[in-house]
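Now for the letters of each chain:
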Amino acid sequence: MNGPTAAPDRFRIFIVALTLLNTIFAAALSGLQVDANIRADQSNRDSQYYALLASNEVIRFGHQSAYDLKLFATTVKDAQQSLVMQLTAFELEEAGESESAAALLSQSEVAQARSDQGSALSIFYTDPRYAPSEPDGLPNSDTYITDLSKVANDFVTRQNAASDAYHIWDNKADAYIAVLSILAIAFFLLGLAQSTVRMRFFFAVSALAVMILAAVWTGFILIS
Amino acid sequence: MKEKKPLDPARMEVVIAVLIALVSLTTALAAWRTNIVGSAAAEANRQGLLDALKKGAAQNESWNKLYEEAGYTATFAMESAAADAMEASKEESLQAAARNVRQYLLPSLQLLSEPLGTQKKYLKSDGTYDFEKRLADLEAEDPDLFALDPAASFELADRYAAEQRWLTIGTVLLAISLFLLGLAEVLPGRGRAANLTLGLGVYLIGLLFILVIEITAIWGRGGVL
Numbered sequence: 044m045n046g047p048t049a050a051p052d053r054f055r056i057f058i059v060a061l062t063l064l065n066t067i068f069a070a071a072l073s074g075l076q077v078d079a080n081i082r083a084d085q086s087n088r089d090s091q092y093y094a095l096l097a098s099n100e101v102i103r104f105g106h107q108s109a110y111d112l113k114l115f116a117t118t119v120k121d122a123q124q125s126l127v128m129q130l131t132a133f134e135l136e137e138a139g140e141s142e143s144a145a146a147l148l149s150q151s152e153v154a155q156a157r158s159d160q161g162s163a164l165s166i167f168y169t170d171p172r173y174a175p176s177e178p179d180g181l182p183n184s185d186t187y188i189t190d191l192s193k194v195a196n197d198f199v200t201r202q203n204a205a206s207d208a209y210h211i212w213d214n215k216a217d218a219y220i221a222v223l224s225i226l227a228i229a230f231f232l233l234g235l236a237q238s239t240v241r242m243r244f245f246f247a248v249s250a251l252a253v254m255i256l257a258a259v260w261t262g263f264i265l266i267s
Numbered sequence: 086m087k088e089k090k091p092l093d094p095a096r097m098e099v100v101i102a103v104l105i106a107l108v109s110l111t112t113a114l115a116a117w118r119t120n121i122v123g124s125a126a127a128e129a130n131r132q133g134l135l136d137a138l139k140k141g142a143a144q145n146e147s148w149n150k151l152y153e154e155a156g157y158t159a160t161f162a163m164e165s166a167a168a169d170a171m172e173a174s175k176e177e178s179l180q181a182a183a184r185n186v187r188q189y190l191l192p193s194l195q196l197l198s199e200p201l202g203t204q205k206k207y208l209k210s211d212g213t214y215d216f217e218k219r220l221a222d223l224e225a226e227d228p229d230l231f232a233l234d235p236a237a238s239f240e241l242a243d244r245y246a247a248e249q250r251w252l253t254i255g256t257v258l259l260a261i262s263l264f265l266l267g268l269a270e271v272l273p274g275r276g277r278a279a280n281l282t283l284g285l286g287v288y289l290i291g292l293l294f295i296l297v298i299e300i301t302a303i304w305g306r307g308g309v310l
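Residue numbers (the working numbering), protein chains in the order written: chain A, 44 to 267; chain B, 86 to 310.
Treat the hints as calculated values from the structure; they're not laboratory data.
Each hint should be verified, as a subset may be incorrect.
The calculated label-pair distances, taken between Cβ atoms and stated as ranges, are [as the list claims (entries may be wrong)]: (1) K193/A <-> L110/B: 55 to 63 Å; (2) S192/A <-> A237/B: 47 to 55 Å; (3) D243/B <-> G234/A: 33 to 41 Å.
Fair warning: this is a prediction, and the values are worked out from it, not measured in the lab.
For glycine and all other residues, C-beta sits at the position ideal for the given N, C-alpha and C.
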């Protein structure tokens with residue numbers, strides 16, 4: 044009598060063991076899902092923070108470039124005005140209008156003084172990184188623009204990385220939810236296997252197949 | 086009437102039912118606490134972002150003011166140089182203009198450039214102006230806003246998130262014990278005893294795990310729940 048009853052008992056124990064395994068699997072998966080959700084939240088927050096810092100930096104360098112370029116433009120305008128007045132003064136001198144020429148020369152000196160003072164304050168003439176290499180050369184505007192936008196670009200790079208991380212973790216969290224739903228099906232099948240005798244084997248094998256599918260999917264999520 | 090043994094199935098069913106009720110209550114409490122911690126993490130993140138916004142707005146205002154003063158300071162310096170050149174000129178008209186520039190234009194420009202263009206502490210030895218120093222002074226005028234530290238809020242949020250992560254694992258352990266006790270309630274004989282022992286063991290481990298996490302986390306935050 045011992046033989047025939049031992050086999051169904053063992054099978055029943057096998058189903059209980061499967062149920063226990065499924066429970067532990069579901070528990071571990073819940074932990075992974077919460078972890079993925081937390082990481083997604085953190086990445087999302089970092090992404091927003093870096094976007095904010097990048098936008099602040101753009102505003103800051105907007106103020107700086109507006110000041111620098113306005114000062115530079117004023118300086119160039121005064122220098123050119125001075126030059127034009129000087130040339131006109133020479134023409135007047137040649138035409139015999141010495142008095143007008145002298146007045147114009149004085150005005151040219153005033154414009155030049157304005158321009159010189161502007162140059163003394165302008166980053167394009169005082170900073171060796173941007174100052175012209177030759178006396179009448181142009182400032183190194185490319186380096187200026189690169190330096191000016193470097194911090195903002197760094198923030199944007201970090202923001203993009205955080206945003207990418209957010210999508211990865213958010214997708215993982217969603218996928219874990221899908222696997223948890225599949226495990227719920229496995230629970231249902233194992234419950235049926237415990238409650239029926241005739242279809243016990245079918246439901247147990249079905250549950251095992253679903254659990255294997257869930258395990259493969261989880262492995263794929265973990266390595267992706 | 087027959088006396089019931091301590092391991093009588095009917096008695097065991099009642100004991101297990103009481104245990105299930107206790108574990109259910111503990112699991113519910115653990116889930117509630119996990120949720121509270123998750124909310125605290127979200128709140129710290131929200132606070133950090135708000136602080137970052139406020140601080141950023143204050144910084145933008147400081148930059149705006151700094152470059153506004155810088156613009157007037159440059160104009161003042163250039164017009165001063167022009168006035169010097171007018172005075173040095175032999176042209177009487179320019180000399181007269183210089184007097185008017187000094188009397189009317191320069192004081193107005195100087196007023197607008199204050200304090201960057203007027204205070205000696207901002208003037209550097211090479212004749213340029215110390216924007217960093219002026220910016221530091223502007224920020225010092227609004228200590229509350231500039232004292233905001235979004236990174237500190239984010240760090241706190243991360244600590245709460247770590248606690249939430251571990252609490253979830255503890256809650257899952259409690260849920261597993263609940264499941265095992267459920268099996269003990271419905272299974273007969275040895276299956277009941279095994280599930281009861283396992284369920285009780287997992288429950289105690291889960292409970293201890295949660296207590297250790299909570300004590301460590303609260304202690305780490307200096308007693309803040």
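Consistency of the hints with the structure:
no.	hint	result
1	K193/A <-> L110/B: 55 to 63 Å	58 Å, holds
2	S192/A <-> A237/B: 47 to 55 Å	29 Å, violated
3	D243/B <-> G234/A: 33 to 41 Å	40 Å, holds
Figure legend: structure checked against the earlier numbered hints; the only hint not met is number 2.
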